[in-house]
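Model the placement of chain D on the given structure of chain U, informed by the hints.
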Amino acid sequence: MNMKREIEDKKLKAFLKSGQLESPGPDFSNRVMNRVFEEKAALEQVKSEPLLGKGFWIILALFAGLMAVVFVMQGSGISGGQTFSFLKEVNTSAVATGYQNFFEKLGAVPLSVAGILLGTSVLLFLEKYLSNRSYVVS
Amino acid sequence: MEPKDDNYYIEKVLSGETNYFSYIVEKYQDIVFSIALKVLRNREDAEEMAQESFIKAYKSLGSFRGSAKFSTWLYRITYNTCISETRKKKQHFTSTDDVQISDEAEEMNLDGIPEENRARYIKEALEKLPEDEYTLVLLYYFEEKSVDEICTVTGLSASNAKVKLFRARKKLYTILNEMLKDELHTIL
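Sequence lines, in order, name chains U and D.
Okay, so the first sequence: first residue is 1 according to the UniProt record's numbering, each after it adds one.
Okay, so the second sequence: first residue is 1 according to the UniProt record's numbering, each after it adds one.
One chain only, chain U, in its complex shape (with noise of 0.2 angstroms):
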């Protein structure tokens, strides 16, 4: 029975073999090597792309500054008021209004806590402007 189907077997294949397989259109296999050209550029410029770049250099030292900054000014007891005052003394009247809005408003927090929300703002915004400069000279 199996030496029967296996001649069937063999029958068939070589039947089969007589006919042809689709193939796809002309430039098919161009449009491959394209495709695989493109992929092995993306994939040679992200090799030589640093893993951290230049502006994840830049946030992290700004960060770690405004945290030392925190850190000293919450070690001296400068608190959200003195920073007000300070401010008065240097008599910059509009801009001292707004900053005395904004701490009497961040009063409540520890100045730590409103140090970091405040640098991490600034961070976002670094962030987003550097990613976008990167963008437009790429």
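Derived by calculation from the structure, the hints in this document are not laboratory data.
The beta-carbon is built from N, C-alpha and C at its ideal position, and this holds for glycine as well.
One thing to keep in mind: the hints can contain errors.
[Unchecked claim] In silico SDA-like pairs for lysine to any residue, Cα to Cα no more than 25 angstroms straight-line:
1) K17(U) x I31(D)
2) K27(D) x F142(D)
3) K12(D) x R31(U)
4) K4(U) x T174(D)
5) K123(D) x E8(U)
6) K13(U) x R167(D)
7) K11(U) x D148(D)
8) K164(D) x E6(U)
9) K13(U) x K12(D)
10) K10(U) x D148(D)
11) K56(D) x N30(U)
12) K88(D) x P50(U)
13) K13(U) x R76(D)
14) K13(U) x N160(D)
15) K13(U) x S146(D)
16) K13(U) x K181(D)
17) K10(U) x E127(D)
[As the list claims (entries may be wrong)] Sample of chain D residues with no beta-carbon within 12 angstroms of chain U, all distances over it, derived:
18) F64
19) K69
20) F70
21) N109
22) S159
23) D182
[To be verified] A few chain D residues that don't get close to chain U, going by computed Cβ distances all over 10 angstroms:
24) N7
25) Q51
26) G66
27) N80
28) E85
29) L110
30) G155
31) R167
32) N177
Below, chain D alone, put in the same frame as chain U:
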């Protein structure tokens, strides 16, 4: 240029000579496209998915370990890509699995089919097979893959693949018999 083993081209591509991938594309484009066409039933979609399959193969070439044949690995990528595409598009084709296996299908004299009409008979008969059986026939009879290799491509169990192959062969005989009868009827 003398044709080389697949591994030769793979090594060349992996060493950075990407141009050599075109030999692989040229060699396998017909079978990859045929599988895609049968599953997707549309030439445009089939070309797109065949292209996608080659790109996936290129991107994963580094992970090809050579435990299976490259062709088996490539067909598995193709088959899975096309099946995923039909699921993504939620395509539900009406089943072509309505070929009733006749008693005459037990045996058939394939030499009785005139040589000049063979290509047309084969094409039409294969078109009538459902996509899973078509893929099995393609891999087993055209590509001479073993049942184990077919299982790797399709994810079927060995027993299931054997049963499906058996049914596919009977269906092919039934279809070819009917085509021959129709042709005789037309002549007479």
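Hint-by-hint comparison with the structure:
no.: 1; hint: K17(U) x I31(D); in the structure: holds (12 angstroms)
no.: 2; hint: K27(D) x F142(D); in the structure: holds (14 angstroms)
no.: 3; hint: K12(D) x R31(U); in the structure: holds (20 angstroms)
no.: 4; hint: K4(U) x T174(D); in the structure: holds (18 angstroms)
no.: 5; hint: K123(D) x E8(U); in the structure: holds (19 angstroms)
no.: 6; hint: K13(U) x R167(D); in the structure: holds (15 angstroms)
no.: 7; hint: K11(U) x D148(D); in the structure: holds (21 angstroms)
no.: 8; hint: K164(D) x E6(U); in the structure: holds (16 angstroms)
no.: 9; hint: K13(U) x K12(D); in the structure: violated (33 angstroms)
no.: 10; hint: K10(U) x D148(D); in the structure: holds (18 angstroms)
no.: 11; hint: K56(D) x N30(U); in the structure: holds (16 angstroms)
no.: 12; hint: K88(D) x P50(U); in the structure: violated (36 angstroms)
no.: 13; hint: K13(U) x R76(D); in the structure: holds (22 angstroms)
no.: 14; hint: K13(U) x N160(D); in the structure: holds (20 angstroms)
no.: 15; hint: K13(U) x S146(D); in the structure: holds (13 angstroms)
no.: 16; hint: K13(U) x K181(D); in the structure: holds (22 angstroms)
no.: 17; hint: K10(U) x E127(D); in the structure: holds (21 angstroms)
no.: 18; hint: F64; in the structure: holds (15 angstroms)
no.: 19; hint: K69; in the structure: holds (18 angstroms)
no.: 20; hint: F70; in the structure: holds (16 angstroms)
no.: 21; hint: N109; in the structure: violated (9 angstroms)
no.: 22; hint: S159; in the structure: holds (16 angstroms)
no.: 23; hint: D182; in the structure: holds (18 angstroms)
no.: 24; hint: N7; in the structure: holds (19 angstroms)
no.: 25; hint: Q51; in the structure: violated (5 angstroms)
no.: 26; hint: G66; in the structure: holds (21 angstroms)
no.: 27; hint: N80; in the structure: holds (18 angstroms)
no.: 28; hint: E85; in the structure: holds (16 angstroms)
no.: 29; hint: L110; in the structure: violated (4 angstroms)
no.: 30; hint: G155; in the structure: holds (23 angstroms)
no.: 31; hint: R167; in the structure: holds (14 angstroms)
no.: 32; hint: N177; in the structure: holds (13 angstroms)
Comparing the model with each earlier hint shows violations of hints 9, 12, 21, 25 and 29; every other hint is respected.
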